[in-house]
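Enquirer: Line by line, the protein sequences are chains C and F.
At position 309 of the first sequence the residue is numbered 309 (the numbering used here), and the sequence of numbers has no breaks.
Counting the second sequence from 1 gives a position; the numbering used here is that position plus 1000.
There is no bait here: all hints are sound.
Not the full set, but computed from the structure, chain C residues with beta-carbon under 10 Å of chain F: (1) 2; (2) 3; (3) 4; (4) 10; (5) 11; (6) 172; (7) 181; (8) 182; (9) 185; (10) 186; (11) 187; (12) 188; (13) 190; (14) 191.
Derived from the structure by calculation, the hints contain no laboratory data.
This one's a predicted model, so the numbers in the text were calculated from it and none came from an experiment.
Virtual Cβ for every residue (Gly too), placed ideally from N, Cα, C.
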Amino acid sequence: MIAVIWVNLRRAMGDRRLLIIGTLVPVVIILITGLLEGSPKEPIGLLHPSPRLLHLAETTDGIKVRVESSRTDLTDDILRGRVVAGIVQLPSQSNSVRADFLIESATTDAVQARTDVVALMDLMAAEGSNTKFTDATLHATQTQAPLSPFWYVAPANLVLFVGIAVLVLSAGMVETRRLGVLQRISAAPVHKRAIVFGQMASMMVTAIAMAIGLIFVGIVLFDVHWGNPMSVFLVVALLGISIAALAVIIGTWARSQEQAIATAVIVAIIAGMLGGCVYQLSTVSSTVKNVGHIVPQAWAMDAFIKLISDHATFADTLPEIGALAVFAVVLSAFAVWYYSRKVFSTT
Amino acid sequence: MQQAVGGSEAVVTTLGPSPMLRCEGLRKRYGDRLAVDGVTFSIAEGECYGLLGPNGAGKTTTISMLCGLAVPDEGDITVDGFEGGTLEAKAAVGYVPQDLALYPDLSAVENLTFFGQLYRLSGKELQTRIGETLELVGLADRGKDRIGTYSGGMKRRANMAAGLLHRPKLLVLDEPTVGVDPQSRNAILETVGKLGIAVLYTTHYMEEAFKLCDRIGIIDDGHLIAEGTADALIGDHGGRDKVHLSCDGADLDELAAACRELENIHDVHEVDGNLELSTDHGPAVLSAVVAVATRHGVDLTGVEVRSPNLEDVFLSLTGKELRD
Ligand SMILES: Nc1ncnc2c1ncn2[C@@H]1O[C@H](COP(=O)(O)OP(=O)(O)OP(=O)(O)O)[C@@H](O)[C@H]1O
Ligand SMILES: [Mg+2]
Chain C
1 MIAVIWVNLR
11 RAMGDRRLLI
21 IGTLVPVVII
31 LITGLLEGSP
41 KEPIGLLHPS
51 PRLLHLAETT
61 DGIKVRVESS
71 RTDLTDDILR
81 GRVVAGIVQL
91 PSQSNSVRAD
101 FLIESATTDA
111 VQARTDVVAL
121 MDLMAAEGSN
131 TKFTDATLHA
141 TQTQAPLSPF
151 WYVAPANLVL
161 FVGIAVLVLS
171 AGMVETRRLG
181 VLQRISAAPV
191 HKRAIVFGQM
201 ASMMVTAIAM
211 AIGLIFVGIV
221 LFDVHWGNPM
231 SVFLVVALLG
241 ISIAALAVII
251 GTWARSQEQA
261 IATAVIVAII
271 AGMLGGCVYQ
281 LSTVSSTVKN
291 VGHIVPQAWA
301 MDAFIKLISD
311 HATFADTLPE
321 IGALAVFAVV
331 LSAFAVWYYS
341 RKVFSTT
Chain F
1001 MQQAVGGSEA
1011 VVTTLGPSPM
1021 LRCEGLRKRY
1031 GDRLAVDGVT
1041 FSIAEGECYG
1051 LLGPNGAGKT
1061 TTISMLCGLA
1071 VPDEGDITVD
1081 GFEGGTLEAK
1091 AAVGYVPQDL
1101 ALYPDLSAVE
1111 NLTFFGQLYR
1121 LSGKELQTRI
1131 GETLELVGLA
1141 DRGKDRIGTY
1151 SGGMKRRANM
1161 AAGLLHRPKL
1171 LVLDEPTVGV
1181 DPQSRNAILE
1191 TVGKLGIAVL
1201 YTTHYMEEAF
1211 KLCDRIGIID
1221 DGHLIAEGTA
1231 DALIGDHGGR
1241 DKVHLSCDGA
1251 DLDELAAACR
1261 ELENIHDVHE
1271 VDGNLELSTD
1281 HGPAVLSAVV
1291 AVATRHGVDL
1301 TGVEVRSPNL
1311 EDVFLSLTGK
1321 ELRD
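Throw the hints in and build the complete structure from the sequences for me.
Expert: Here it is as structure tokens:
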């Protein structure tokens, strides 16, 4: 069984398609979509702005502002990346302007925003106001980690592309069968169940390894804070098992490699869309959202969103983990049954 | 020692006490087609047994059953004393499938490592065996290359290496030389020839079976219709030597009549303006035949003596050609 796992992994590693679909493409896509969403044209949050400041901000090109109702809201929006920085205009004697400048940390966006704010203050000073301006980094006061602009696209593409890549691996299964390699393996002194479980296990290991790899890519390249490690691991593992089982089912069913690849890509993309990897499920109608939850991807995305943006605890993610476990068990059981039955039908 | 075998009432051949392989009354049905119908044969230790038959005769099906890939509907298989299909029986067999069954995206060494592990080989021993086996099939210098980059003949040899790696007691080769260039074909035949283990060799090339095999079973339409050494089969079913006389436009009737008078000539008939004589021993009658022709003033443009071969055996047993 170890040998079966090993050889499949060895083949998966040598498979350039897998390398490209599984790692390169998602990283590039995360980068592109993440940069588009987290671009510096996010507005600057304003709290208690004077009419003059508001007017200046609105009439200056290249500056977008958003008026906040409380300091808490402002802080929260900065952390969520809805605004890149905040200005809190403080009450003061007439003809003088005092403001706090709030940023999450010294990101390039924030530096850009600060330049913009200084420019605004200079404008007011030029009108004869006495300006005083204090920097305040949220880092010092906040306890929660900041949200990466990639907070949604990173998990979304992880879920989507692990699905595509692993399902595409099913083509390798078809190849093994068509070449007669599977026959030859069956002629060796190994138990049938070792062959079946070896095949399943290698798919699962590939899926989980790829997902964990993308988690690390998210941390290192995109500064994503994934949240509770236990939850993240379980979500990734159970999602990997479900997708691997699905891949075995497709690999068993398909008659040719082309058929396997086409089916895999279609299934993975549809499941990804239903599962909220393309649009957040929180933004779609409740019908679509409910329908979406027939795929494990949806539960994984729910869990990731909870973990990353709401800093959910392990207990908070138990419903999603439970649902994923059900998917993993049911799909694996079916895959084992179907594979054993179909592939060894002549025996 | 040879005998004709017909159906399941066949008698077990007089081999040693425990043959390496024994099949008895094998029967396998696919849908309403009987692919194998009552096949019985044995292979002794160190013996090379050829299963000779045309396309669709049931060779591959027979092999599938004795390698544990298909369960016979009826009949028994014993390999090295173990019941067919058990792990012990499988461990004793080296199976070389008809089609190339290796991962094309891995190197020969990687493929052999994998198959070696399936046969419980590991570590140094496995590495040594891989080296030896590649040497044996003449691929030692290409072991690191991906199978996909091999030529057709090299693929076949690699395919065979995977079946030999664990030093099986019985090597099962399913048409290993189909579509193979003469060089690789010779390499394969040579390798099989020097192994010294029991071999089951299926083919529809009668020359190969003749050269390589100690005994031959002739299979057609799922039945094993005859079995024995090549010489015995030819002696029993091949018919007589044929002497072919090419005689340009001469009056053949007179010559034919004169030939019939000769000793040891059994039959004379005309084929396309030439004469064909049947005799027990072609070379022995040759001088007499030529003398008769000269006496009748017939100009012989060619004389050919042909001994019967396995094709003739097959033709006489089934009424059809071995290859179409
Ligand atoms: N899996 C299968 N399903 C249905 N019929 C089969 C199957 N395998 C073999 N047969 C049929 O059984 C018969 C014997 O086939 P088999 O492959 O054993 O022939 P063979 O002697 O190996 O021929 P060849 O020289 O072409 O390899 C054929 O008529 C074939 O169509
Ligand atoms: Mg065949």
